[in-house]
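Sequences and hints are given; from them, build the entire structure.
Listed in order, the protein sequences are those of chains A and B. First residue of the first sequence? That's 70 in my numbering, and the numbers climb one at a time after it. First residue of the second sequence? That's 10 in my numbering, and the numbers climb one at a time after it.
Zero decoy hints are in this set.
Covered by chain B, according to a simulated footprint, are these stretches of chain A (three or more residues, beta-carbon under 8 Å):
# : stretch
1 : 126 to 140
2 : 158 to 167
3 : 216 to 226
Heads up, simulated DSS-like pairs for lysine-lysine below, C-alpha to C-alpha not over 30 Å straight-line:
# : chain 1 : residue 1 : chain 2 : residue 2
4 : A       : K161      : B       : K101
5 : B       : K102      : A       : K148
6 : B       : K165      : B       : K149
7 : B       : K101      : A       : K73
Hints are computed from structural coordinates only; laboratory data are not their basis. Even for Gly, the Cβ is constructed at its ideal location relative to N, Cα and C.
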Amino acid sequence: MALKLYGLPMSTCTTRVLACLHEKGVDFELVPVDLFSGEHKQPPFLSKNPFGQIPVLEDGDLTLFESRAITAYVAEKFKETGTDLIKHNNPKEAALVKVWMEVESLNFNSAISPIVFEHIVGPIMGKTADQAVIDANLEKLGKVLDVYESKLSITKYLAGDFYSLADLHHFPYTHYFMTTPWASLVNDRPHVKAWWEDISSRPAFKKIVGAMTFGEGK
Amino acid sequence: MAAIKVHGNPLSTASMRVLATVYEKEIDHEFVFVDMRAGEHKKEHFLSFNPFGQVPALEDGDLKLFESRAINKYIACEYAVKGTQLIYQDSKKMAITSVWMEVEAQQYDPAASKLGWELAIKPLLGMSTDTAVVEENEAKLAKVLDVYESRLAQSKYLGGDCFTLADLHHLPTLHYLFGTQVKKHFDSRPHVSAWVADITARPAWLKVLALLSQQ
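Next comes the structure, spelled out in structure tokens:
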């Protein structure tokens with residue numbers, strides 16, 4: 070039976086999971102959730118994710134939420150097929166993947182997501198972008214990317230010389246960030262730029278990137 | 010066998026998170042004190058362990074790790090046979106535990122750590138509390154705890170029937186919050202309150218608190 074993923078093809082957290090599913094070559098069905106009518110905040114959906122957020126994965130009677138828990142599950146369940154995203158046969162490399170997944174989840178995400186929200190998502194919801202929030206987070210993001218620049222001058226990918234879930238998790242927000250006026254934060258750092266061009270050209274991402282637009286027509 | 014070294018500071022919530030795991034797993038270890046007041050965590054030697062200049066860091070032989078939750082996941086897997094089981098071997102149970110580990114990091118900790126900083130740490134440093142930040146984050150925390158209350162009404166621990174990292178990861182911020190006005194949000198929710206009482210009474214956690222009280 071195929072996996073069911075509840076979410077939307079332009080949502081950052083849904084695309085984090087979609088990328089993983091494509092890397093593993095796993096069959097799945099994408100079930101749209103109508104955010105505009107508030108479907109995600111109402112009882113049938115809340116029984117799947119009490120926090121009322123997409124995505125949700127159903128695998129038979131198992132229901133999971135939080136995109137990074139879902140990708141960890143998919144990468145583990147299908148570890149013998151598709152791309153090896155978690156280095157399950159090498160405990161040291163597996164540990165380094167976990168380190169850089171936490172870096173993305175905490176250091177990187179906390180700086181980049183307010184920028185994407187304020188500049189792209191908020192205006193679609195009728196909110197004016199708060200430039201002070203953007204500026205503060207651009208500074209934070211710059212410092213994080215300085216560390217990435219050093220790391221990526223030593224290893225080809227974040228956890229080592231191998232592509233992993235740690236790199237994949239960066240895809241959705243970085244994709245949207247590169248459409249903002251501040252893409253130079255990536256482009257001015259040669260190793261970060263090369264890493265981004267490498268990972269964003271992967272076939273798994275090419276399958277989902279076409280739908281990654283909020284229709285703002287810019 | 011090379012000993013595990015934990016580089017950290019007992020006052021740091023993230024260091025406490027790793028120490029709790031090391032005690033639960035009953036692993037021989039050396040605790041290497043990082044003098045944050047002297048800025049040791051921002052100097053070259055420590056930066057070679059964690060380029061972000063944050064405690065804690067772990068050395069296990071030639072492996073160097075940082076990020077407390079990654080360190081804990083590594084310890085729980087690598088030392089699975091020792092001490093308390095902190096993760097599940099069953100893949101479905103582990104998946105559910107992963108979900109609630111993410112909940113702690115993404116939904117609970119942002120509000121909890123801001124409140125801990127404003128209400129517990131800033132006063133110790135002679136800084137004034139930002140009441141707007143407190144109000145905003147108390148409201149956020151209350152909503153998260155409503156979800157926890159429902160979850161813990163169906164499940165003894167967040168990940169399932171057993172205590173796991175999904176519960177343990179909350180201990181350090183709980184410790185700071187319980188000395189503040191935020192305690193009432195936990196006390197007023199019976200299942201949350203019972204869960205807190207249970208996990209904070211664990212011997213391994215009491216050892217962490219004993220270390221902290223020596224500072």
